[in-house]
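Spelled out, the chains give:
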Amino acid sequence: MFAPLKARHASGTTPAHPARKRLSKDRKASIILAMTLTLPAILAAGGLSISVTDWAATQTHAQRIADAAALAGAKDLIMHRDASNAITSALNVAEMNFNPMGYTNSPAKIAAPYQTIGSPVTVTTGTGTDGIATATVSKGTQNVNDVAVQVSVSLPPYTSVLNVLGLTGKPQVSGSSTAELIIAPANDTQVCLVALSTQGSNGATGTTKAGSIDVSGTGSISAVTCDLRSNGPITSGKLSTISANAIYLSGFFLTEGTDVTTGTLQGTQHLGADPVIAAALAYPSSTGPTMGDPTYTGTQSSVTIQPGIYNSLTLSNNAQVIANPGIYTVGNLTLSNNASLVGSGVTFIVTGSLTLSDNAALTLSAPKTGASPGFAIVATTAGTVSMLNNGTNAITGMIYAPAANLLVKNASSLDVCLEIVVNSVVVEAGVSLTTQNCSAYGLPDLGSQLSTISARLVL
Amino acid sequence: MTIRGWQKDQRGGVAIEFTLVGLVFMSLAFGAIEIGLLWWLQGSIQYAAASAARCAAIGFKYGTSTCNSKPATQTYAAQTASTWLVANAITTGDVAVTIPPFGTECNIDDTLSAVLVTIKSSYFSTLPQPLANRTLSASSCLQY
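Order-wise, the sequence lines are chains A and B.
Count the first sequence with numbering that gives the first Met the number 0 and you get residues 0 to 458, in order.
Count the second sequence with numbering that gives the first Met the number 0 and you get residues 0 to 143, in order.
Bound conformation, chain B alone:
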């Protein structure tokens, strides 16, 4: 085939075009979907952390709410987060409840105590690229 003929040949053009455009398009499409899923996860665990911190702040002080111990707070946080995701998406092992030492985190008023709830989740870590292997974290700290 002459150079002139090769230049005129349009066979395979669609395949090349699809390869170039499709890669970008699929990345954008998957990326958009994965961002949505990860954002869903982030929003859910952030709400669960805030809700659990409030529950613990009241429960630790008065023992009246369901969160009257660290394990109870972990369970509450996991259940709350899973309600917003799917059942058992967040387990108690994903939830850390700590009493931050004075001078750290939100424990700045030393006439009060504080509780810090941190939730880490890799629930969507098996997503394909471009956002694979993501572990998200949310925390909430309250003084009481």
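So here's chain A without its partners, still in its complex pose:
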């Protein structure tokens, strides 16, 4: 297929050796040459991708093994309170997760425990190794008084395409995880605010998540002499403050906005606390004569009302109403436009809605004894207890609305001796919700907080 050699010889150039001449002119296998030059690059790139993907998958596997083993060790520690037992459990779980088919249940090599740690859960420290994992029982990370199980997993080197090519070392992948016993200690301190909802105030249908206790903007909750308990999340704004003697939390704490480190939570947090199941106090009984559905309005001088059963009670436009002592059962209780309701030794049982708006003011104190000791406001149905007024609400006693969402907005404040038991509570910007217990006031006892222990990953 090439030009005849003889023709080239006739050109007058120095004749080359015929074999070398043929080689220089031979274009056969040129593709092989190109392949030879590009193949290393193709293999290197392909090998790199396969290796990195494989490496990442193995690394993830190592991390999962470490997570599972650490949790297993911590849960064993809760049950047996024995470091050697916990280490053995952790190492066995690690081995089973690594190679189920080759699981040999070989005994872990455990160093002698040497130090007693932890309070109130006390165990000895220790460490052990078995195959791919090392497990250690030591002081907690989140709380040095807690006990933690730390597991490190190192999977053996694996062979990759790059290893074959000799382009990289043999990477050893490893994972490390720490599970800690999170202890919520028993506590007899009186509770000021209980939120019973496990799902937050928006419930299952809302797309904007608000906690069972939600404080937004510059709002604050101050309960420095008593505890908060929430069965669900507590959420707060970046400028919000929640202060309490202690905060028992079955859900999580989350500040809104862009940065989880802002917002202030003062008081010892006890995550993983048992939910409050039986804050269910009996509702006071409705008694008294039927009183219809009176409406009070205008600048008339103050009116005194008597205990009984009202279809509704409406106060508006500067109405001033004084409630004589006793139990008032009201369908819908509505105060608006500078109206005020004042009562001492009274309990308002609201079976419909409670709505305060504009500059209405509510000043109520509960009876200390009798049929409804400690209860100031009771809401028996689900819905909203809306305190949207700009006036001052001075409630002495308990607001008991286990199925309702309590809204506290604008400049309202709740003060004096106050306990609140609600499904959820929303405290908006500028509101200072101050709750404190007056133990001598006859408020219902919500019971002690029992100690709980749970195992959580913390590192």
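Relax, there's no trap hidden among the hints.
Computed far set for chain B versus chain A, every beta-carbon distance over 12 Å:
| no. | residue |
| --- | --- |
| 1 | T117 |
| 2 | N132 |
| 3 | S138 |
Now the in silico label distances, taken between C-beta atoms and shown as ranges:
| no. | chain 1 | residue 1 | chain 2 | residue 2 | range |
| --- | --- | --- | --- | --- | --- |
| 4 | A | S343 | B | P70 | 45 to 55 Å |
| 5 | A | A370 | B | P70 | 53 to 63 Å |
| 6 | A | H79 | B | G92 | 44 to 54 Å |
| 7 | A | V143 | B | P129 | 54 to 64 Å |
| 8 | A | N144 | B | P70 | 24 to 34 Å |
| 9 | A | V143 | B | T103 | 35 to 45 Å |
| 10 | A | A185 | B | G92 | 46 to 56 Å |
| 11 | A | R63 | B | T103 | 21 to 31 Å |
| 12 | A | A40 | B | T103 | 35 to 45 Å |
| 13 | B | P70 | A | A40 | 30 to 40 Å |
| 14 | B | Q78 | A | N331 | 56 to 66 Å |
Calculated directly from the structure, the hints in this document are not laboratory data.
By construction, the Cβ of each residue, glycine as well, lies at the ideal position given by its N, Cα and C atoms.
The hints should help you fit chain B onto chain A, whose structure is shown.
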């Protein structure tokens, strides 16, 4: 030249052959190399996203891991990804850390919170064709 002579003439055959085969071959060769590089990038950012989501889930809840804030999580993700690529291949600007509203992403259990880490990278966008201008994305979402 007669038609018969043109048919017999084999000069330039190699050039034509190389043009036809070389185009296909080079496309395949470059394509294979670029797929490898992009796969490397994808694997790295996927691992970094998963690792950062785990770190944030623990850090947001307990404040004990290094990822106790969104910026800290971005830094962790960028550093992890760059470790698997080359230094500074992924920056914090490539990493987005969000708390998805309830009902979106993995935030389906409303007794828990969630964190979503998304890493987008156009680190290999300057590659020649056939896989030029590629932006890869990886995300990982965890409830805690």
